[in-house]
Amino acid sequence: MNQRIQQAYDKRPKDWVYNLITAVIVVGLLIWSGSAVETSGSTQDGGQIALNVLSGIFHPDLSFLFDFSTKGVPYLMLETVCIAFLGTIVGAIISIPLAFISASNLTPLPIAFAGRLIIMAARTIPAFVYGLMFIRVTGPGAFAGLLTMGVCSIGMISKMYIEAIEDLDTRVIESLDAAGCNTWQKIRYGILPQLMPNFASTAIYRFDINLRDATILGMVGAGGFGAPLIFAMNSYRWNEAGALLAGLIVLILIIEFISTRIRVKLTRG
Amino acid sequence: MNLTFYDKIFKPKEYVLPNGKKAYKKASRAPIYVILVLAMCALSVKITGFDMEVLVSRIGQFFVILGEMFPPNTDYMPKIWEPLFDTIKMSLLGSVVGALLSVPFAMLASTNVCPSKIVVSVMRVMFSLIRTLPTIVIALVATLVFGLGTLAGTVAIAVFSFGYIGKLTYEEIETVDMGAFEAMQAMGATRSEAFISAIIPQVLPFYLSNCLFNFEGNVRYAAVLGYVGAGGIGLILNEKISWREYPSVGMILLALFVTVFIIESVSRMLRKKLV
Amino acid sequence: MIKFENVGKVYPNGFEGLKDINLEIDQGEFVAIIGLSGAGKSTLIRTINRMHDVTSGKLTVDGVDVMSLSGKTLRRFRRKIGMIFQSFNLITRTTVIKNVLTAFVPDMPWYRSVFGIYTKEEKIKALECLDKVGILDKAFVRADQLSGGQQQRVALARTLAQNPQIILADEPVAALDPVTANQVMGDFKRINEDMNITILINIHHIDLALKYAKRVIGIREGKIVFDGPAQGTQWDEVLDNIYVGEASREGNIQEEG
Chain U
1 MNQRIQQAYD KRPKDWVYNL ITAVIVVGLL IWSGSAVETS GSTQDGGQIA
51 LNVLSGIFHP DLSFLFDFST KGVPYLMLET VCIAFLGTIV GAIISIPLAF
101 ISASNLTPLP IAFAGRLIIM AARTIPAFVY GLMFIRVTGP GAFAGLLTMG
151 VCSIGMISKM YIEAIEDLDT RVIESLDAAG CNTWQKIRYG ILPQLMPNFA
201 STAIYRFDIN LRDATILGMV GAGGFGAPLI FAMNSYRWNE AGALLAGLIV
251 LILIIEFIST RIRVKLTRG
Chain B
1001 MNLTFYDKIF KPKEYVLPNG KKAYKKASRA PIYVILVLAM CALSVKITGF
1051 DMEVLVSRIG QFFVILGEMF PPNTDYMPKI WEPLFDTIKM SLLGSVVGAL
1101 LSVPFAMLAS TNVCPSKIVV SVMRVMFSLI RTLPTIVIAL VATLVFGLGT
1151 LAGTVAIAVF SFGYIGKLTY EEIETVDMGA FEAMQAMGAT RSEAFISAII
1201 PQVLPFYLSN CLFNFEGNVR YAAVLGYVGA GGIGLILNEK ISWREYPSVG
1251 MILLALFVTV FIIESVSRML RKKLV
Chain S
2001 MIKFENVGKV YPNGFEGLKD INLEIDQGEF VAIIGLSGAG KSTLIRTINR
2051 MHDVTSGKLT VDGVDVMSLS GKTLRRFRRK IGMIFQSFNL ITRTTVIKNV
2101 LTAFVPDMPW YRSVFGIYTK EEKIKALECL DKVGILDKAF VRADQLSGGQ
2151 QQRVALARTL AQNPQIILAD EPVAALDPVT ANQVMGDFKR INEDMNITIL
2201 INIHHIDLAL KYAKRVIGIR EGKIVFDGPA QGTQWDEVLD NIYVGEASRE
2251 GNIQEEG
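Going down the list, the protein sequences come from chains U, B and S. Just so you know, the numbering used here puts 99 at position 99 of the first sequence, and the rest follows in order with no gaps. Position in the second sequence (first residue = 1) + 1000 = the numbering used here. Position in the third sequence (first residue = 1) + 2000 = the numbering used here.
Note that these hints are calculated values from the structure, not bench results. A virtual CB, placed ideally from N, CA and C, is assigned to each residue, including glycine. A portion of the hints provided could be inaccurate.
Claimed, not checked - Counterexamples of contact, computed for chain S against chain U with all Cβ distances above 10 Å:
| # | residue |
| --- | --- |
| 1 | S2037 |
| 2 | R2050 |
| 3 | S2056 |
| 4 | K2123 |
| 5 | A2139 |
| 6 | P2178 |
| 7 | H2205 |
| 8 | I2206 |
| 9 | E2221 |
Claimed, not checked - Pairwise CB distance ranges (calculated):
| # | chain 1 | residue 1 | chain 2 | residue 2 | range |
| --- | --- | --- | --- | --- | --- |
| 10 | S | A2175 | U | R12 | 25 to 31 Å |
| 11 | U | S55 | S | V2141 | 57 to 63 Å |
| 12 | B | K1026 | U | R136 | 47 to 53 Å |
| 13 | B | I1035 | U | T183 | 28 to 34 Å |
| 14 | U | S55 | B | K1046 | 36 to 42 Å |
| 15 | U | R12 | S | N2241 | 31 to 37 Å |
| 16 | U | D15 | S | N2241 | 54 to 60 Å |
| 17 | S | D2107 | B | D1177 | 20 to 26 Å |
| 18 | S | V2244 | B | F1010 | 52 to 58 Å |
| 19 | S | E2237 | U | P197 | 56 to 62 Å |
| 20 | U | F58 | S | D2065 | 50 to 56 Å |
| 21 | U | P74 | B | K1011 | 35 to 41 Å |
| 22 | S | A2175 | B | F1257 | 50 to 56 Å |
To be verified - Subject to a maximum C-alpha distance of 30 Å in a straight line, what follows is the list of computed DSBU-like cross-link-like pairs (lysine-lysine):
| # | chain 1 | residue 1 | chain 2 | residue 2 |
| --- | --- | --- | --- | --- |
| 23 | B | K1026 | B | K1008 |
| 24 | S | K2019 | B | K1273 |
| 25 | S | K2058 | S | K2120 |
| 26 | U | K11 | S | K2019 |
| 27 | B | K1273 | U | K14 |
| 28 | S | K2019 | U | K14 |
| 29 | S | K2058 | U | K11 |
| 30 | B | K1240 | U | K186 |
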């Protein structure tokens, strides 16, 4: 065999040690996490319940589904959309100043770091904790729900706003500077046109997520379809739960379709 | 010039240049969007009962509760460890199981791997239906089927991860460069051999990075699941809030914050190495 | 020997890619195929290892009717035909040697291909192939860190690793700068002469074709309009025929007259 080839072969990176360590860590973590799988044992036959759930979803309670009074599915969906919508707007508005003070290209590092810490802390608190806290403020109902949606949205929205601000194309501002614009004009013509589509797109995306997360609000009594859903499920009225879930699935698919189209339009101009 | 229905009502503005040439500026759509958003806001305010006065006069209550959480009750910490680890364990196991199960289905949902258009559309509809189901509902059903406890939470997280990772993976597979796949076929490899040798190395780093990101988010999600009895830290959190033991709530939230911070930092470091 | 007998190819949309091709290529020839884009160069080359099907006539390689192959027999047949692409078609995210090693995958048991386990022999052979194209020192570098010319050499090494009797190259130098293109063409020539491998190459740089190939085939609108040695041909007229076509050449003559 050729000497040079033998040399090249001997110089091959020995990555099996690295691979072995990774594999051991991953397998170890999995075994460790497997130890947590425990259950109190179901009171009824689990399989039977699963079948009931499925049959309920495929045989939704039609009179409930098409009940246009304030107790029917359509109104609950409308209320949920309204909570998510206003909640997103509240969250988006609060996020703007937070994002600007946390953007590392605009503010000094310690302030930016503090801003990020606040955002992260706000993100850690689970939605139902906020819900229960806001109920103390406004009493149970949709009002508490929309405030909860608002603060829950802050984490993600401001994180994405920060990215948008940090990606700002500063050459435009330079050229406006050269054209003799003042600070206000630079913001109006240099920064806003760059940020607006991005901010709007983020808010719409978050609206999508909020709609999905709105279930949890109802469970703590903060409005929307969550409360009727959990009541129906806890009392095994699967046809009613099926009607609510059917309404939710249709609603989410419609909103997702619309929001994707708007966001594509926003990014392509 | 292309005139839509809107342009026929609101005529494009005509500019005549000194040399006689004409330029048209279509009427801006912005007013419609502004009106739509404002109308939606008004409707939402009415339906949700949003009331600025109440908010201003009573928002102090929120900060009173927040204030009561400080200083956190450090004596409570020993009782937090177990549910906290339960939360991490169920999000880890659920994320891994869901992500692994999603791979074959994601392959069937990619037009460049699966030749049958029917199978591709069925798989995609399945993925988007699963993603519409709120995690909390899945957890609730899981507690009814499997009983209260972390198993239910693990199942809920696995189902959520299945939908999320599955969608990202089939999108990744679709955008992959098929050149190497073609080269493998020209060398006499079967479709599956070509997939393993040419597609997987390209997709794997993104797949693993998505899995880590999904796991990060799931730790936070898992904290919510305890509310419906699916185990973990949410369980004691709900308990302490209803008993109004706010210093203990503060301790739980602080522990959760530190945990999420550590996991996110490690995961971000790993993801940077991957891609 | 590759033998086309009255071969035709009609695409599903009705476009005639190849018309009545008759051609014989012996073992060890170096053939350049020239012609306009869309003239059928790619189609011609890709029918030989049946990446494209022919629709009429008979195409045999070493006496085997290509259209009679399917599944396993087709894959085994493709093992002895290497293919080089314009865009290199490497797995860019992995190392050079792993790209070359993929040449052994079709002959490996499934569990080794799943986990990417290669024997020492295979690794040595891959390194030898890299040495033949002069990039042994890049063996453990990631493929996307190499220049275009180096990447095409990796592709060449990958093809050599499968021990082919024939190499089909579809516009191998179109994405390369002139200097690198000359080097890669030199590699092809060396491989052709040293290892007696038949080489068919699609190319639209006529000067490169004439410089390196021994035989040139001109294609226009799916038909062979020229077939002859690279040396000793009156090229002006032939190229006119290949690239301009009868009608406009008559026009030129009239203008000159």
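Violated hints - listed by number, lowest first: Violated: hints 4, 5, 15, 24, 25, 26, 28, 29 and 30.
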